[in-house]
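These protein sequence lines are chains A and B, in that order.
Under our numbering, residues 1450 to 1553 are what the first sequence spells out, in order.
Under our numbering, residues 1450 to 1553 are what the second sequence spells out, in order.
Among the hints, erroneous ones may be present.
Unchecked claim - Quick list of simulated restraints, FRET-style, between CB atoms:
| # | chain 1 | residue 1 | chain 2 | residue 2 | range |
| --- | --- | --- | --- | --- | --- |
| 1 | B | 1474 | A | 1479 | 38 to 46 Å |
| 2 | A | 1481 | B | 1475 | 28 to 36 Å |
| 3 | A | 1504 | B | 1474 | 19 to 27 Å |
To be verified - Computed, partial: chain A to chain B, Cβ under 7 Å:
| # | residue |
| --- | --- |
| 4 | 1470 |
| 5 | 1509 |
| 6 | 1511 |
| 7 | 1514 |
Since the hints were made in silico from the structure, they are not lab data.
The C-beta atom is built at its ideal place from N, Cα and C for all residues, glycine as well.
Here is how the chains run, residue by residue.
Protein chains: 2
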Amino acid sequence: MAMLLREALGEGLRRARTEQGRTLREVSTDARVSLGYLSEVERGQKEASSELLAAICDALDVEIADLLLDAGNAMRPIDSLASTTVVIPAPTADRRDATALAAA
Amino acid sequence: MAMLLREALGEGLRRARTEQGRTLREVSTDARVSLGYLSEVERGQKEASSELLAAICDALDVEIADLLLDAGNAMRPIDSLASTTVVIPAPTADRRDATALAAA
């Protein structure tokens, strides 16, 4: 089964929070949502309403546009990458590097 | 008030449907959702669950990643555009073209 939007959004929110070294409690307080709700949203178990998603992004100081971009990339099917992604090779990349990138 | 996610997603879904010249009835039948539900989702009045959003995108043959990208762009604050958007000018663009693009 393909990744669901709430799972991709939850992963992005959790990544943003942990990168900032903040706890669920801190962010849930700032966003005025319950700790349990935020935890379920991060694990992709609950749909965040648009209003609460905006509040959580605000508490994390994350642009929702960037969260959506990340979520979209996480959800993009592998077989569509060739036709939708522009790859700009590094000037110094040799063939072995390119192969490693393609397999990543 | 800033645009909400459900409003941005609804606009994108409606644009995809109308560009294909399809009716609410056709797409709702293909996505196995009610016509009223699809209409409310398109108008940003109802949150689509992740599962139903996936079904609607499938019925429209639209990648959810592309829908999210469009929604993110629609929601991005104007004052963040300068620092987050990479603009690649067309080789033949003159200054008048560039001004028209900037105003679009």
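Open item on the list: Quick check on residue 1509 of chain A please, does its C-beta sit within 7 Å of some C-beta on chain B?
Closed with: At 15 Å from the nearest chain B Cβ, residue 1509 of chain A fails the 7 Å test, so the hint is violated.
Open item on the list: Please check whether residue 1470 of chain A passes as an interface residue: C-beta within 7 Å of a C-beta belonging to chain B.
Closed with: violated, 24 Å
TODO: Using the Cβ atoms, figure out if residue 1504 of chain A sits within 19 to 27 Å of residue 1474 of chain B.
DONE: violated, 36 Å
Open item on the list: Verify the CB-CB distance for residue 1481 of chain A and residue 1475 of chain B against the hinted window 28 to 36 Å.
Closed with: violated, 41 Å
Open item on the list: Would the hint on residue 1514 of chain A be counted as holding, given a Cβ-Cβ threshold of 7 Å to chain B?
Closed with: holds, 4 Å
Task: Restraint satisfaction for residue 1511 of chain A [CB to CB of chain B, less than 7 Å] - done: Cβ of residue 1511 of chain A sits 12 Å from chain B, so the hint is violated.
TODO: Given the range 38 to 46 Å, decide if the beta-carbon distance of residue 1474 of chain B to residue 1479 of chain A lies inside it.
DONE: For residue 1479 of chain A against residue 1474 of chain B, whose Cβ atoms are near 44 Å apart, the range 38 to 46 Å holds.
The structure does not agree with the numbered hints 2, 3, 4, 5 and 6 stated previously, though it agrees with the rest.
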